[in-house]
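Number of protein chains: 2
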Amino acid sequence: MPRQVDHESRRRQIAEAVCQLADESGLEGVTLRDVAARAEVSMGAVQRCFRTKEEMLVFALTHVGERITARVTARLAGSPAQSARTALGHASTEVALLQQEQRTEARVWLAFVAQAAVSPALSGILRTNYAALQGLFTRLISEATAATDPEYAARTLLALADGLTTHVLIGHLSPDEALAVLDCHLGRLWDEPTG
Amino acid sequence: MPRQVDHESRRRQIAEAVCQLADESGLEGVTLRDVAARAEVSMGAVQRCFRTKEEMLVFALTHVGERITARVTARLAGSPAQSARTALGHASTEVALLQQEQRTEARVWLAFVAQAAVSPALSGILRTNYAALQGLFTRLISEATAATDPEYAARTLLALADGLTTHVLIGHLSPDEALAVLDCHLGRLWDEPTG
DNA sequence: ACCGTTCCGATGCGATTGCATCGATTCAAC
DNA sequence: GTTGAATCGATGCAATCGCATCGGAACGGT
Chain A
1 MPRQVDHESR RRQIAEAVCQ LADESGLEGV TLRDVAARAE VSMGAVQRCF
51 RTKEEMLVFA LTHVGERITA RVTARLAGSP AQSARTALGH ASTEVALLQQ
101 EQRTEARVWL AFVAQAAVSP ALSGILRTNY AALQGLFTRL ISEATAATDP
151 EYAARTLLAL ADGLTTHVLI GHLSPDEALA VLDCHLGRLW DEPTG
Chain B
1 MPRQVDHESR RRQIAEAVCQ LADESGLEGV TLRDVAARAE VSMGAVQRCF
51 RTKEEMLVFA LTHVGERITA RVTARLAGSP AQSARTALGH ASTEVALLQQ
101 EQRTEARVWL AFVAQAAVSP ALSGILRTNY AALQGLFTRL ISEATAATDP
151 EYAARTLLAL ADGLTTHVLI GHLSPDEALA VLDCHLGRLW DEPTG
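Protein chains in written order, with the working numbering: chain A, 1 to 195; chain B, 1 to 195.
Rather than coming from a laboratory, the hints here were simulated on the basis of the structure.
Ideal placement from N, C-alpha and C gives every residue a C-beta, glycine not left out.
Treat the hints with care, since some could be wrong.
[As the list claims (entries may be wrong)] Taking beta-carbon pairs under 7 Å as the criterion, some of the chain B residues facing chain A (in silico):
hint, residue
1, Ala116
2, Arg155
3, Thr156
4, Asp162
5, Gly171
6, His185
[What the hints assert, rightly or not] Chain B residues, not near chain A, derived (Cβ > 10 Å throughout):
hint, residue
7, Leu32
8, Asp34
9, Ala36
10, Thr52
Just need the whole structure built from these sequences, with the hints factored in.
Given below as structure tokens:
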């Protein structure tokens, strides 16, 4: 055997480079050469880790999805003593990616979503992530409110969070405005038992 | 003068080709050659109409925005006798682009939104369109409901519609499911005077 | 009828793309 | 110490990209 490299960590390293480039100039700015340069590896290394560019993108999207999900669940685990209502507020705020330090992830997410509209491989990954988040939201809502249909409320909240993220990225709303809209929606969720 | 051509109609014809290609394979599938072929003109004609590719994309996005806005207002003008509530329902349904025949426009919209996140020229156009739609929604909501803050409700509805469009394109929701979520949200808007 | 302006279609060009290939290098096995 | 599989960095290649250029066709003015 030759020098053994940790393939998995290298793949993550490359995925990180993909995210950086996608954040700066969209997925169209993600070329194998630029990825290799950003990850500070050779192009050959990138090609050995991923047979094709699409395989690399699929891994990167999975990586991002896992990171976002992990951050949401970590946020929930970080405040377990509080009520389910505050937990839901935290979770949806995390998903909306409104904070400044999450702007990069938001741009990367949007780039992948657009590509997924014409790439079955990517849309499948996104579906998995959205299904998990919807399930989480549904659970939290049924615990936190008397909503008659938690799943509808969860779908609404998830779509609203995504739409707000998009509007912030476009510049139609400021992060504070989006956060206020989200808080307002959550507030109505508490008071409205027919939710 | 040589043979005079209607520049404006040709530009629209080219913009239509851009939309078709963007629908099929995203904005990355929009090349000058493919656009020319799809519009059934020569590449030279495309280059005379638009000095650069970005100028072409800007025009195409403006074209799409105008068409969507026109369709929304036409839908409103088509049912003027009804209540402001049904008008708002129609408007938001149109904006959400949930119908099968609007799927193309939805995909094109998503492709442009993603590109706009890294292109100031495109994001400016989108901001204009969103501002107009938000204004329309705000007006309809203040007429239709007793909401204390129509602007918040309008922002919520607009973001929700966009998020639902995205989720349908990804395949996370079916068009019927998205429509049901939208209707559910509108229904709560009527019953909730604190909206 | 001639000419000049305007538009058209085609071709060329440099840069860049994803991917394949190829020695050189590295390290475990024996 | 030798061997050989595994990995490295580098380069080649065909295709494609946006854009520039150019000769000829089409028409209005005179």
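Outcome of the hint check:
| no. | hint | verdict |
| --- | --- | --- |
| 1 | Ala116 | 6 Å, holds |
| 2 | Arg155 | 5 Å, holds |
| 3 | Thr156 | 5 Å, holds |
| 4 | Asp162 | 4 Å, holds |
| 5 | Gly171 | 5 Å, holds |
| 6 | His185 | 6 Å, holds |
| 7 | Leu32 | 15 Å, holds |
| 8 | Asp34 | 14 Å, holds |
| 9 | Ala36 | 20 Å, holds |
| 10 | Thr52 | 16 Å, holds |
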